[in-house]
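Protein chains in written order, with this note's numbering: chain A, 1 to 381; chain B, 1 to 289.
Quick caveat, the hints were computed from the structure, so don't treat them as lab data.
Given the structure is predicted, the values throughout are model-derived calculations rather than measurements.
A virtual CB, placed ideally from N, CA and C, is assigned to each residue, including glycine.
Ranges between beta-carbon positions, derived for each pair:
no. : chain 1 : residue 1 : chain 2 : residue 2 : range
1   : A       : SER134    : B       : GLN194    : 26 to 32 angstroms
2   : A       : SER174    : B       : TRP206    : 32 to 38 angstroms
3   : A       : VAL131    : B       : PRO83     : 28 to 34 angstroms
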Amino acid sequence: MKNLTKRFGHLSVLDRINLQIHDNEFIGLLGPSGSGKTTLLRILAGLELADDGAVEIGGRDSRTLSLEERRIGFVFQHYALFNHMTVFQNVAFGLQVKPRHARKSASAIKQRVRELLALVQLKAFEDRFPVQLSGGQRQRVALARTLAIEPKVLLLDEPFGALDAKVRVELRRSLREIHDTAGLTTVFVTHDQEEALDLADRVAIMNRGIIEQVGTPLEVYDAPKSPFIFDFLGHTNSFDCVVRGGKAYVGENELPLDKTIRDGPAVAFVRPHDVLLAPTDGPQGKTGTRLPGTARVRFISALGQRATTELLYERRLIEAEMTRQSLQDLELRVGSKCKISLRHARVYARQEVEEQTRVAERAAVRPRKRRRLRDRLPTLR
Amino acid sequence: MARASDATTDLGRVPALSESRGVRAVLIAVAAGFFLLFLLLPLLVVFVEALRQGLYAYWAGLTEPETLAAMRLTLLTAIVVVPINTLFGIAAAWAVTKFNFAGKNLLITLIDVPFSVSPVIGGMVFVLLFGLPGLLGPWLAAHDIKIIFAVPGVIIATLFVTSPFVARELIPLMQKQGTDQEEAALMLGANGLQTFLRITLPNIKWGLLYGVLLCNGRAIGEFGAVAVVSGHIMGLTNTMPLHVEVLYNDFNFVAAFAVASLLVMMAFATLVLKTALEARAAWKYPTLP
Numbered sequence: 001m002k003n004l005t006k007r008f009g010h011l012s013v014l015d016r017i018n019l020q021i022h023d024n025e026f027i028g029l030l031g032p033s034g035s036g037k038t039t040l041l042r043i044l045a046g047l048e049l050a051d052d053g054a055v056e057i058g059g060r061d062s063r064t065l066s067l068e069e070r071r072i073g074f075v076f077q078h079y080a081l082f083n084h085m086t087v088f089q090n091v092a093f094g095l096q097v098k099p100r101h102a103r104k105s106a107s108a109i110k111q112r113v114r115e116l117l118a119l120v121q122l123k124a125f126e127d128r129f130p131v132q133l134s135g136g137q138r139q140r141v142a143l144a145r146t147l148a149i150e151p152k153v154l155l156l157d158e159p160f161g162a163l164d165a166k167v168r169v170e171l172r173r174s175l176r177e178i179h180d181t182a183g184l185t186t187v188f189v190t191h192d193q194e195e196a197l198d199l200a201d202r203v204a205i206m207n208r209g210i211i212e213q214v215g216t217p218l219e220v221y222d223a224p225k226s227p228f229i230f231d232f233l234g235h236t237n238s239f240d241c242v243v244r245g246g247k248a249y250v251g252e253n254e255l256p257l258d259k260t261i262r263d264g265p266a267v268a269f270v271r272p273h274d275v276l277l278a279p280t281d282g283p284q285g286k287t288g289t290r291l292p293g294t295a296r297v298r299f300i301s302a303l304g305q306r307a308t309t310e311l312l313y314e315r316r317l318i319e320a321e322m323t324r325q326s327l328q329d330l331e332l333r334v335g336s337k338c339k340i341s342l343r344h345a346r347v348y349a350r351q352e353v354e355e356q357t358r359v360a361e362r363a364a365v366r367p368r369k370r371r372r373l374r375d376r377l378p379t380l381r
Numbered sequence: 001m002a003r004a005s006d007a008t009t010d011l012g013r014v015p016a017l018s019e020s021r022g023v024r025a026v027l028i029a030v031a032a033g034f035f036l037l038f039l040l041l042p043l044l045v046v047f048v049e050a051l052r053q054g055l056y057a058y059w060a061g062l063t064e065p066e067t068l069a070a071m072r073l074t075l076l077t078a079i080v081v082v083p084i085n086t087l088f089g090i091a092a093a094w095a096v097t098k099f100n101f102a103g104k105n106l107l108i109t110l111i112d113v114p115f116s117v118s119p120v121i122g123g124m125v126f127v128l129l130f131g132l133p134g135l136l137g138p139w140l141a142a143h144d145i146k147i148i149f150a151v152p153g154v155i156i157a158t159l160f161v162t163s164p165f166v167a168r169e170l171i172p173l174m175q176k177q178g179t180d181q182e183e184a185a186l187m188l189g190a191n192g193l194q195t196f197l198r199i200t201l202p203n204i205k206w207g208l209l210y211g212v213l214l215c216n217g218r219a220i221g222e223f224g225a226v227a228v229v230s231g232h233i234m235g236l237t238n239t240m241p242l243h244v245e246v247l248y249n250d251f252n253f254v255a256a257f258a259v260a261s262l263l264v265m266m267a268f269a270t271l272v273l274k275t276a277l278e279a280r281a282a283w284k285y286p287t288l289p
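With these hints in hand, go ahead and build the complete structure from the sequences.
So, in structure tokens, the structure goes:
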């Protein structure tokens, strides 16, 4: 399968999607619920039809290709295993329904099924029923079943959604290995950005029916084109700033801009680990852009190697992340004040931020509760 | 009121969440009483009355030529009606759950119509359609086709009355199961027929069986619709339930109860079959999906 071009005009769910997927690529479709990513995957598979536009596989329109020629394997979100068949029968299914002339002999099928089960490490389970398996085991059966028909393209719909964290990580690795050794082209859909960024060669971020950005995980994480993407990929701290004459200013200090933004109100998005804290009376930090004023520490969480601090700055909540050692060096307590510097920020126009995200809402401090009468009159019990 | 946690029975302490002994006894008595009075007693009476004059009279009642004809007609009706309605039920359930089409909700409502309408009406509509005073009456008479007051009428009326059973069992079942497995089968290269035979059918097996048994039971026992349509022609258009009424009205009680007992035994056999098959299913799949 060569390059895949896609054009759609299905306005409500998918809006004029254009995407090229290369041979042997492992690409992730990442986005929140309702972004259209599963619909896109299903149209690719042929399970649904687009209202407009076309899918091309190897230069030919996919609608002209028969199922055999397409060589697509699909792994469903809830596995869709055949509950009334054993694991062996599930995996053998694709081989058994082939037309007479293409079908292998029963013994050849048996051998192939056993090979596949060994590949996904389920050799001892061949006579079990899906209802007797754990989630991770079921997922591996679904994978083996799909690989039985020797697809060229593997499509996975939120494959690890229902599994616990440890199993998820193991299966991720296996999937990547299988992809690499079998020389497949893999497209998978997920809403878990950690998974997508970990596994994929390229990631396509989708939102409300359009693809916002396509790039390698590094590109997308370091240089997100829109506030939505920044916010989706991790915790976001927002700081108000202003763009004047092509430069961004927070207070009196300049923030470096990597693309031109129109003059006007803007917002700087910063990751927790790029928020640097310094004591109020100490020497000025060398790195980053200093923010005016001070912040007060509201909450500290220090588990393991990393420490997270929640701070109140200009009536907004800020989250800063640092090593535990750094926290200890700063000698910060709840209630103490400190100064903030921003190491690396991405600036977006204020309007864009408000349209796409709810960062401001989330950072708003909750109003204080009215104290009860009883608390204010301690003599009354 | 005595606290449940205080109660002790032969089995030891009663868990705190159950009702007190008094309440439980009353509930069980009511349920058992209802069961005995309205279900068990009437069925027992059927057999008692049937055998009142001994086995010979019982046998004679069963083997009268008109009775045998009634049995043949009932059997014929069941053999024709049940497969047709099973196919219809599968097709309707398939269409409703797997596809989206205009008029889908209308179809679902229509399927329930024979269920909600009185069986007598079910028979009457066919008289009004196929009978002499009816819509198609003159045309049928001209071509010498007898439907009303003949066997075809009986079959058609039974078909109408038993049509919802299989569909009503299958539709919620298939809706609950969704289309995932079928889609998976298609993606693995199975064609429509293979998918249906190897994936859909095994999944709806038990619902289908239950629907078929219900359909069968009603087809054998239907009275109202068939009564209107058949004309009670002895030896020709009498089904077993109709024949029971005829015998009873002729004061031939033993024969009437004998045929009735046969109907009870057929129902009982159906129930036993259903329970046996369900038990086998539970044994085969350790926990039902």
